[in-house]
Amino acid sequence: MAALDQKSPNVLLQNLCCKITGKSEAEVAHQFQYAVRVIGSNYAPTIERDEFLVSEKIKKELLKQRREADAALFSELHRKLQTQGVLKHRWSILYLLLSLCEDSRKPSNRVCSYGALLAQALPRDVHSTPFYYARPQSLPLSYPERSATAHNSSIATSGIGSMGVFSINGPGPTPPSLPGPQAVGESMRGSRLAWTLPISSSPSGAAAAPRPPTGPSSSPASKLPQRQRRDGDGSGESEIGEDALVRDILYVFQGIDGKFIKMCSPENCYKIDSKVPLCKSLRDTSSRLAELGWLHNKIRKYTDSHSLDRAFGLVGQSFCAALHQELKEYYRLLSVLHAQLQVEEDQGVNMSVESSLTLRRLLVWTYDPKVRLKTLAALVDYCQGRKGGELASAVHAYGKTGDPHMRALIQHILGLVSHPILNFLYRWIYDGELEDTYHEFFVASDPTVKTDRLWHDKYSLRKSMIPSFITMDQARKVLLIGKSINFLHQVCHDRTPPGKIMPASKSTDSPKDAAELFTDLEGAFQSKIDAAYFETSKYLLDVLNKNYQLLEHLQAMRRYLLLGQGDFIRHLMDLLKFLLGTLVGMCSVWTIM
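In UniProt numbering, the protein residues as written are 1 to 593.
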């Protein structure tokens, strides 16, 4: 019997307490009481028994610590674990790993660790387990069932489900005996004191009257209490909590109606129902935050309506892609806010006021995104009905601002929007090809014109599509460059590769950033246009002179018109040299006559 007692759970548990603390059996009585209560408690995990949710939560924790490689490795290992039948309780293992990860990062001022708790004595006046100095050979350990009634569950979770109630000075009834109602009430009251009072070994601290827990770390209900209406208000309804508004606002940020904040179609804005009991300050703050959702909807509506419209062209699609990039950054912020809110819900009793998510914090954190979305929404309004070069001009006009951040934003969008125009331009001035299916480029072509009128009528400028950052002189040169290349190919039947005409044609494969190139109109862009214009014109004149004797034909025409080469004609030519050397547009017919 003695050997059996030595192997009983009570004795083994007390030996474990002595081993951990390094004290004698009489000195670890308080620690043993705490251990018995913990074993008899009915702890349950704070999250649902879902393996997928736990694995996703672990990956979120790794991503929040900027350990993307570890998150990917964890996903791969978890996938391999699912394919094997070694573990039957994978959820429990994952939950244990998650709990260990969270315990290592919990603040030290929340609750003391179990090791520290076992190392110090519990208050003698606030315990629900028996207090004695003898070895507990006959004290049974109880493990209550989850299906117990509410009354019995309260007793079981305090560690006294099937134990007798002992007085402070010594044992009372034997374990098989059942306590009376008064004893049960006293024991329950003692168990609550053991959980609520601070751990102290001093009698004064133990005997102090219990106070309700205060502060955000006491309970989820105390974190954001529902405020009653002010005195004088006839309604007895309680105001909704700020945590509910925060959750609604995060949905509104994505354009989704919340429980209390919904889109008002007649007024085209998000509004809080007037019947919702809410103080004016929270109502005003929520309305200011809800404007972000309205701006998001405005931009999203534009991108959704034009993204699948092929007639919008490449420039328009680039503009939608730029807006999508900005919305992606905005969604990244929302994911961080949602993760913060999820952490508060999972660890509600442990969150402090300094780290909780409030409407005022949202107002501060969303200030910069709101300014960016306002700029994008105004840009979307200004660009309605525009496409091609006209759309690029509208974006360029918005870049003339004194705000460096907004200027950088518009500059980034302009780089994406003008990149298709730059590709059109390079294909035109280096290859003579005009791939403008949706009429976005400022050079237009008339396919009905025959070859003999190619130079005069086939190609022209589409002035509405000339971007505002390209001058008219540059646009005319661009037109002449491509026209010369097509004249060589179609009229002169010259099949010389473009690379031999202009070595710069290789740059079409790797053009510079469009925004940087177009902002330097007098520098890099002008030099590219001038170089292409000079090389193309020079090559065209060489072909006309060598293959078609252009100068000989002009000399023959002059002799025919001037009836030969006499002294009178020679003197007349000398007098008209200055006049004939002027530009054609400045020399009228009657002046020559």
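Hints listed in this document are in silico derivations from the structure and should not be mistaken for laboratory results. What you are looking at is a predicted structure, and each value in this text was computed from that prediction instead of being measured. The beta carbon of each residue, even a glycine, is placed where N, CA and C say it ideally should be. Please note that the accuracy of each hint is not assured.
Said to hold, decoys possible - What follows is a list of derived Cβ distance ranges for each label pair:
(1) Tyr438 / Glu329: 25 to 33 Å
(2) Leu434 / Arg288: 47 to 55 Å
(3) Pro266 / Glu329: 52 to 60 Å
(4) Leu81 / Pro266: 49 to 57 Å
(5) Tyr560 / Tyr438: 45 to 53 Å
Right, here's what the structure says about each hint:
1. The hint said 25 to 33 Å for the Cβ distance between Tyr438 and Glu329, and at roughly 29 Å that hint holds.
2. Separated by about 50 Å at the C-beta atoms, Leu434 and Arg288 satisfy the suggested range of 47 to 55 Å.
3. For the pair Pro266 and Glu329, the beta carbons lie near 32 Å from each other, so the given range of 52 to 60 Å is not met.
4. For the pair Leu81 and Pro266, the supplied restraint of 49 to 57 Å holds, since their beta-carbon distance comes to about 55 Å.
5. Judged by the Cβ atoms, the range 45 to 53 Å given for Tyr560 and Tyr438 holds: they are separated by roughly 49 Å.
Hint compliance for this structure: hint 3 is the single one not met.
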